[in-house]
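Guided by the hints, dock chains B and C onto chain A, whose structure is given.
Protein chains in written order, with the numbering used here: chain A, 6 to 305; chain B, 20 to 156; chain C, 167 to 1193.
None of these hints come from the bench; they were simulated from the model.
Note that this is a predicted model, so its numbers are computed, not measured.
Note that the Cβ used here is the ideal one computed from N, Cα and C, for glycine as well.
Any given hint might turn out to be false.
[As the list claims (entries may be wrong)] Cβ-to-Cβ under 10 Å is the rule here; a few derived chain A residues that face chain C: (1) Leu97; (2) Lys136; (3) Arg179; (4) Asp234.
[As the list claims (entries may be wrong)] Taking lysine-lysine and the DSSO-like style, the derived pairs with C-alpha atoms no more than 30 Å apart in a straight line are: (5) Lys1051/C / Lys39/A; (6) Lys291/A / Lys302/A; (7) Lys51/B / Lys118/A; (8) Lys285/C / Lys240/C; (9) Lys302/A / Lys1079/C; (10) Lys72/A / Lys155/B; (11) Lys169/A / Lys154/B; (12) Lys291/A / Lys154/B; (13) Lys963/C / Lys31/A; (14) Lys154/B / Lys72/A; (15) Lys956/C / Lys39/A; (16) Lys52/B / Lys120/B; (17) Lys59/A / Lys110/B; (18) Lys1051/C / Lys59/A; (19) Lys956/C / Lys1099/C; (20) Lys1051/C / Lys169/A; (21) Lys120/B / Lys275/A; (22) Lys279/A / Lys116/B; (23) Lys155/B / Lys279/A; (24) Lys1098/C / Lys917/C; (25) Lys154/B / Lys208/A; (26) Lys279/A / Lys154/B; (27) Lys530/C / Lys548/C; (28) Lys275/A / Lys142/B; (29) Lys169/A / Lys140/B; (30) Lys154/B / Lys205/A; (31) Lys155/B / Lys252/A; (32) Lys39/A / Lys1083/C; (33) Lys59/A / Lys155/B; (34) Lys51/B / Lys130/A.
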Amino acid sequence: MRLVLYSGSILMLLLSSGCGSSGEDKDGFSNIAKVDSTGKISAATSELAGQVIKSIPPPVELSAIIKNSGAEYFSDMLNETGNIDRYNTNYLKAANLGVYGADLGYINIYNHKEDALSFLNIVIKLSEELKVGQFFEFETIKRIADNSNNLDSMLNITQSNFEKMNNYLQEQNRSNISTYMLTGGWIEAMYLTTFVAIEKNDKALYEKIGEQKIVLDQIIILLDFYKNDQNALGLAKDLEALRGVFKEVKIETVYGEPTMVEENGMLVVKDNSKTTISITRETVDKIRESVSNIRKKITD
Amino acid sequence: MKRIHKSVLIVSLAIFSLLSILAQCPPEDLVKKCSGKLGDYMFLKSFKIEKASEDVEYSYVFTTNTSYLISLGNNTGDGNIEVNVYDSARKLVMSNKLKDKVYPTITYTCKTTGIYYMSYKIKDGNCGVSVVGFKKM
Amino acid sequence: MSEEILKALMQLFAIIAKQDDAVSDNERLFVERFLKQQLNPEMVAEYYALFESFISDGSQDGGEEKKKKLTSVKDSVKTLSICKKINKTLAQKQKIIVLIRLFELIGEKISSEEGNQRKEIVHTVSDVFNISQEEFIDIENFCQESDFSQFLSFPNFLLVGEGLEKVPDGAKVIENDIDQPIALLRVPSEDMYFLRYSGNSTLSLNGLPVNKTQISLFAYGSTLKLSHGEPIYYSDIHAHFLSSQDIPKLSFEADKLGYKFPNGAVGLQNINLNEGAGKLIAIMGGSGAGKTTLLNVLAGLESPSEGSITVNGIDINEEKDKIEGVIGYVAQDDILFEELTVFQNLYYNAKLCFKDYNEEEIEKAVVKTLKSLGLYEIRDIKVGNVLNKKISGGQRKRLNIALELIREPVILFLDEPTSGLSSRDSENVIDLLKELTLKGKLIFVVIHQPSSDIYKMFDKVVILDVGGYQIYYGNPVNAVTYFKKLSNQINADEGQCAHCGNVNPEQVFNTIDAKVVDEYGNLTETRKVSPKLWNNYFSANIKLDKNEKINEAPPKTLNRPSRIAQFMVFIKRDILSKVSNTQYMLINLLEAPLLGFLLSFIIRYVEDPKGTYHYEQNENIPAFIFMAIIVALFMGLTVSAEEIIRDAKILKRESFLNLSRFSYLSSKVVILFILSAIQTISFVVVGNLILGIKGMDVSYWLILFSISCSANMLGLIISSTFNSAVTIYILIPILLIPQMVLCGAIFSFDKLNKTLSSKDKVPLIADMMVSRWAFEGLAVKQFKDNKFEKVFYELEKAESEADYIDSYWAPRMYSKLDECGSILSKHGNEKQLSADLHLIKHEIIHILSEIPDLKLDISCVVNKPTAIDQNLLSQWREKVKAIEKYNVNKYLQANTQKDEILNNYHSDEVHQKLYEKTKMDYYNESLADLVKKESAKNKILEYDGGFLQVMDPIFQDPRKPSNPLNFRTHLYAPHKYFLNKKIDTFWFNLLMIWFMTTTLFVVLYFNILRKLLTFDITKKLLKFLKK
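Isolated chain A, as found in the complex (with noise of 0.2 Å):
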């Protein structure tokens, strides 16, 4: 009889140790969840930052000339899909949508097509996690499989949809997000144009790479909009950084009359300026490793 007392009052006992340590918060992880934020983004800032969004070339540009350089396909350099478990904030989400696009449009290049479901599988992911995953609902998905073939098509499609992703958050006041992918993206392409370029020595590459310079200018700007936000700041500062490596890079325009002309229909505009663009092969390897760092924070 006693017996049964005794264990039982026992249980009891582990039972109550076992809610208490639910009802105090020994290690204050509720406490760090206290904000204070409305969560509203002004829509002056948004439209602001959505014009200059518009300015910045998608990494689809880089990608290209990473071809004709004749590299091949080094998938190591990507970004590991397993990653996608560790973005939970808005920033790495939508820097890594970037990254992984900017990856998928290099994947495209080389034509790898399981690789590519794989990376599609993951923009799409990540999308639905931002709230924008209907651009690439099955209709899209279909279209592109039905073109895997034609790469230039995909690549298109690919494209279209992102910037009509892009619109659409402008739209509803989350340029940021636009704004982080885009980073993100040219993060990634630039990454992996000055690795292929180190390794291919092409000049051609450094070249692209040194005039990249006009681009992190406006990305730094789009960056300053959202200054308030701590992730917008940590990477402007690393771009400040990168920035700063620039400097190195030259570029000299001079200017010259373009000529117009009319063919088939089309008007055929030719510039006749001509830029030099002075880059030493250090200066791009300081890049790499200074762009390397700033991509492995958004991607670890």
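Leaving out everything else, chains B and C in the frame of chain A:
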């Protein structure tokens, strides 16, 4: 340059805040139609053009040794949109109007990397789109 | 004779014997004879030597006057010291026996001085023994008087003899034609009787011949057999000494009693009885004659179909409450608690009968009853069951009788109390009953094949024949004569064997049952005299005695304690019974943690083969919740399934005693609940520990305990409804499988049979399953309120609500509007159009009602439209857009807040680690997928004239119902609406389970299921068929 850039943007803002009230422009098929004109050019961007008192301006970074194609379309179907492209120094680089003819498509081989400003004016209709594609030279 | 007494006696004999200096030969002879009667030859020699040694102790000195006086003083002192020693070692009864033996010794010498000296010594002894003066004188007279007729004037004496007509008033005599009278002395203080006889007739006391020279102790239950006449029983003697005040006034009458069995067969026909107080009546008959039936009807257990039974004018069936506590009934069946000792069985029974006794009094009563039935020595032995006997069958029977006997009911019915007992035991039992009748009780006994002695102890015998016919009612011995006469047998007048005093009851039955002999001299199956014929003879020949009619209320000996007191007794008894059964306790207590260990150990899934276990990634957690519920149900059901059926016979008795069924059931319920509580605690602690489910222990325990209690109730219900244990165990799967199927864990509610399933709510049939409430409650709580999710839940909910509208509802609405538009322009299906419009209208109104913050003018939707045209449609479209826009903002807001929180957690290493660890320990992916219905293909569904949200049930509050009592909603809803209040699902479900448990208790108390199954249905069927 930044300051100029910013002031331009502020001006555009004023325009856009007015224009943002109007929705659903351009319609989906118009964008598709314009994209179709790209041919072997790869799609880059599409820009929405709405009827306004002032020109609608967009900026874009064009890079060297790249050929770009700008395709225009509006809802009345005749592509009657004027575009003037300026370089970063605000010098006119090109226009789609040549000898009083407005061309719905222009190609531009770029040799100068930099920010370019595209200024659109819609002549007919109230909604149009400009699609930009690129091709490696 | 014990050693102590013998030694003491030797010493005393020695002192007395040597009073006149020389021990006479007579004395020596006396001692020797005395010893020879008690002991075997070796012991005789031993004690005799002792005797001699005591004598020689004193007689070393010479025999002078002076020394005589000295010796006498010395002897007195010695006597005193011996007596004091004896006082310490012997009981009072033994001391009286010693005294009597001393008198026997003296009795040899009645003379003079030495005689006086001896007498003085004996007197001293008596004083030291604390024997009262009156008793001393009685004993003295008894031992020394030779003329027994002197005894007649003394109150404590009884004589057995003949021709004692001239007896003074108050004298006690028993007539017998013995040559010389037998004298019997009563010692009231110790309730002892002594016998003395000096005649020549052979008497036997308890089978042993009576010594003429000695005084015999007439012990309790003894039988004195004489050469002529009836044996004299202890109770007969005792009866003479009882005062008449103790006899209650009683009249018991059965008038034209008839009984029909439920299947229509006749049980009893026209039975008539009439008895008063103080009688022992036997009910006898062949097999199937109806003895037990008669007993049951007389006791009031069954209602007669004809006639009535009245006690003191009160009909026992019409006015049951007035008869409460008057009648006692001892069934043939065993109604003992196997796990309790003999003492405990009787003790708890006593507690239920004697409300006002304190502990001491109850114990005294128990001990007294045990002693009177010879069970005192085995009082601490467990009763055991029939297969595993710890006490003998006879002892069991006596204990059964003791249960009723302890309260000495005024009218007592016993069903075959002597079956299976030895003849000695049987006699004891019947003797005990006889003693009760001497106190005035009326006792009816069904008895089968009694021995002659027992047969003769009955005052009256009722004989039944097959078919329930009464064929005899009267003196047992006369029965033999009666039947013989009627069957014209020779020696009809000899009722008994003249020489041996035996009556053969077998004769009676042989006569009754005699078969016809055919022409070949063989016995046939046909009886000579049919039962009906015997009955006719009976009606013709035997008339009932007229007893005085008594109208005062019969005395009650049952004092039922209050319901609460009964409850306490039931609980103590049951707990004691359970705890004494070690096997039971071990299995029940260890079962739960063992199952918990087994279950959680097996499903402790680790995703990465080289890695450690993470709660987050264990895909088996939802299944664990389900299994835990099933285990709790199983344990609850099996523990309680046999409870009531085990007590079936005991319950029958307790209802006969009008003990509270409510108290009994409550005690069972409390005990089972305690057991369930312990089991579920151990299960939860073990299971949650192994699987790493943190912070949920109390919640798990609350739910599992509650459903275990529910299962307990269910088990008790089936236990009290069905008659065999086997049926009950077959039923268990039938009860549990629906719980498993309709729990919501295995089969999705929207994918069941059309008639059962429902897309927007949990099906009604599942709402009746206690497992469904438990599963939902636990799943919701575990997901929503765990340490990790608590921080994000509200925001995620807002996100989900907004997302549903934006991503799914709005597009569907737009497409519906488009559809309408196209129908309008093409002049298509009117019906379709109106249905669609109705849907759109309904949805807009409904969705807006859920968003009180959005003030939108929807008069164009609500009011009847003037015209159904594209304009109307575009107006409606605007409203949808407005709703969409609102939700876009809502989403963004929530999302941004959530993002900020997440960024906080990612701001530095420490926080990051904390975040990851907390998520790993508290958030389970599979559970999240379950309650968010991630696997559902369709997030939104068109159903019943509206849209149904299929996705994220955990983030979806139910719609406010029109009926405040309607709480039914979809599965995994985080809150439930009831009485216009929003209640957290976990608590609501818990209350629901308790509500169902309480309902089950009501069903149990009123035994509704049993009634449904046995009574009403058959009756209704019959009625229906008759129509």
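Item to complete: Report the numbers of all earlier hints that the structure fails to satisfy, in ascending order.
Response: As far as the earlier hints go, not one is violated by this structure.
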